[in-house]
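Undergrad: These are the residues of each chain, in order.
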Amino acid sequence: MQPEEAQISDVDLLKAIVRQDETALAELYDRYRVILFSLLVRILHSREEAEDVLQEVFLQVWRRAPDFDENRGRPFTWLVTLARSRGIDRLRSLAARERVALAGAREPGEEVSDAVADAFRSEQRGLVTTALDQLPDEQKRALMLAYFDGLTQSEIAEKLGAPLGTVKTRMRTGLIKLRELLGGQNASFGF
Amino acid sequence: MTHQDYKEMISAYALSALDAPDDSALSTHLNECAECRRELDEWKETCAPVALDAKPLEPSPQLRERILSQVRDDRSSIAKSNVVPLARKQKNVWSSLGTLGAIAASLLFLALLVNVVLLWREKQAVQSELETLRAEVSKTKKDLDEQTRIIQMFAKPGTRFAELTAMPIAPAATAKLAYDATGHAMIMTSGLPVPPAGKAYQLWFIVGGKPMPGKTFSTDSHGKAMMEDQIPAVAMNSAVFAITLEPKDGVPAPTGNMYLRS
Chain A
2 MQPEEAQISD VDLLKAIVRQ DETALAELYD RYRVILFSLL VRILHSREEA EDVLQEVFLQ
62 VWRRAPDFDE NRGRPFTWLV TLARSRGIDR LRSLAARERV ALAGAREPGE EVSDAVADAF
122 RSEQRGLVTT ALDQLPDEQK RALMLAYFDG LTQSEIAEKL GAPLGTVKTR MRTGLIKLRE
182 LLGGQNASFG F
Chain B
507 MTHQDYKEMI SAYALSALDA PDDSALSTHL NECAECRREL DEWKETCAPV ALDAKPLEPS
567 PQLRERILSQ VRDDRSSIAK SNVVPLARKQ KNVWSSLGTL GAIAASLLFL ALLVNVVLLW
627 REKQAVQSEL ETLRAEVSKT KKDLDEQTRI IQMFAKPGTR FAELTAMPIA PAATAKLAYD
687 ATGHAMIMTS GLPVPPAGKA YQLWFIVGGK PMPGKTFSTD SHGKAMMEDQ IPAVAMNSAV
747 FAITLEPKDG VPAPTGNMYL RS
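So the protein sequences, as listed, match chains A and B.
Each residue of the first sequence is one higher than the one before, starting from 2 at the first, in our numbering.
Each residue of the second sequence is one higher than the one before, starting from 507 at the first, in our numbering.
These are calculated hints, taken from the structure and not from any lab test.
Since the structure is predicted, the reported quantities are computational estimates derived from the model, not experimental observations.
Glycine is no exception: its CB is placed at the ideal position from the N, C-alpha and C atoms.
Hints may be right or wrong, so weigh each one.
Per the computed footprint, the stretches of chain A lying under chain B, defined by three or more beta-carbons under 8 Å from a beta-carbon of chain B, are [as the list claims (entries may be wrong)]: (1) 25-31; (2) 40-49; (3) 53-64; (4) 74-84; (5) 154-161; (6) 171-181.
Input sequences plus hints: build the corresponding full structure.
TA: Here is the structure:
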């Protein structure tokens, strides 16, 4: 879970990208393609849409690398936030009919090989899954609907048939709990 | 809303889950509150690992090359335009404004072009009208000169007149000839057919049965004409005047039909 000693850090890669180093971008892509692509497929339920958005994300990384501030967070967080934001934007821009169709298709895509799964840091994934499983179902459900389906609090309330205030409380309580559960592990995410 | 209210909204904001009014209000507050911005960064750190809950999937191998190819294109276009990559959003805005400006300039140019064409056409019409008026003035002046000369001829002491009679070929034709003591003659016709192409009427002075050629002339669409000539001295007292249709440059001896004679 710790960076390999010989490996260039994500922060250094981003600094190299600021200097227009194309190989640094290629290396960053190789490190994060599975994490970000998986996230985007989960949000968009479409490999094609996910690849399209992932392309946009890395182009944005190329152009906006100078925006990254290591004092404000890790590259992992910056990249995931960027990809998720783009993915949610794309999801919200799709017509409701298309969303239903996409959700109905639930195209899983190709799963990664074992080797890639290792690279995906299955151990970290296990930590997250374990932490999420420790949340009460109603809290986890509300968080998942926000995180992967891009729903707002009132949309979640409507979908779950719960009062808006209750949803707000569930989300906030769930995130606080998640922070506690992942708190000691957070430094492990990212290279 | 109080600072505490905003703080409680930050975790949902990190998930982009706030409804529009709350989202907008908190965005404004974040611009002013460093403490809340720090808290937002912390919540983003908490939320990011949730991405790992997604089932691991591999994108197509071609995507890597597509991205790198696009980046190379982007770099070369930036180098060409000498624009810093960070200015991407701004570049788009200016690019859009530039496009709008180009469209506006094109429309303005088109409007000016239309205006120029209209003005040019108007100028052409005015010029054409002016030419017509000039021609009319010129013709009027010429007519007036002719009338003046006729009046002067008629008023001149010693002026003699001869009336020509129509031949059967042009029964409606008439002509009068006036000439002074010097032999300066003026002939005025009406009712003559318009001569065909290549033809003209020619005046003849016939003395002792022998025709002496005068000048040629044409008529207007009404068969009218006025022509001045000089009567040969030998023809001053006993000449017969005649008009025939001849080749337009005239001939030394008559060849065509006679239309009028005195």
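Undergrad: Hint by hint, note whether the structure agrees.
TA: Here is how each hint holds up against the structure:
Using a Cβ-Cβ cut-off of 8 Å, 4 residues of the stretch 25-31 of chain A lie near chain B, which meets the minimum of three, so the contact claim holds. Check on the stretch 40-49 of chain A: 4 of its residues sit with their Cβ under 8 Å from a Cβ of chain B, so the three-residue criterion for coverage holds. Coverage of the stretch 53-64 of chain A by chain B holds. Counting CB-CB distances below 8 Å, 6 residues qualify, and the rule asks for three or more. For the stretch 74-84 of chain A, the proposed coverage by chain B is satisfied: 7 residues have a C-beta within less than 8 Å of a C-beta in that chain, meeting the threshold of three.
Look at the stretch 154-161 of chain A against chain B: 3 of its residues bring a Cβ nearer than 8 Å to a Cβ of that chain, three or more, so the hint holds. Counting residues of the stretch 171-181 of chain A whose C-beta lies closer than 8 Å to any C-beta of chain B gives 6; at least three are required, and the coverage claim holds.
Violation of the numbered hints given earlier is absent; every hint is satisfied by the structure.
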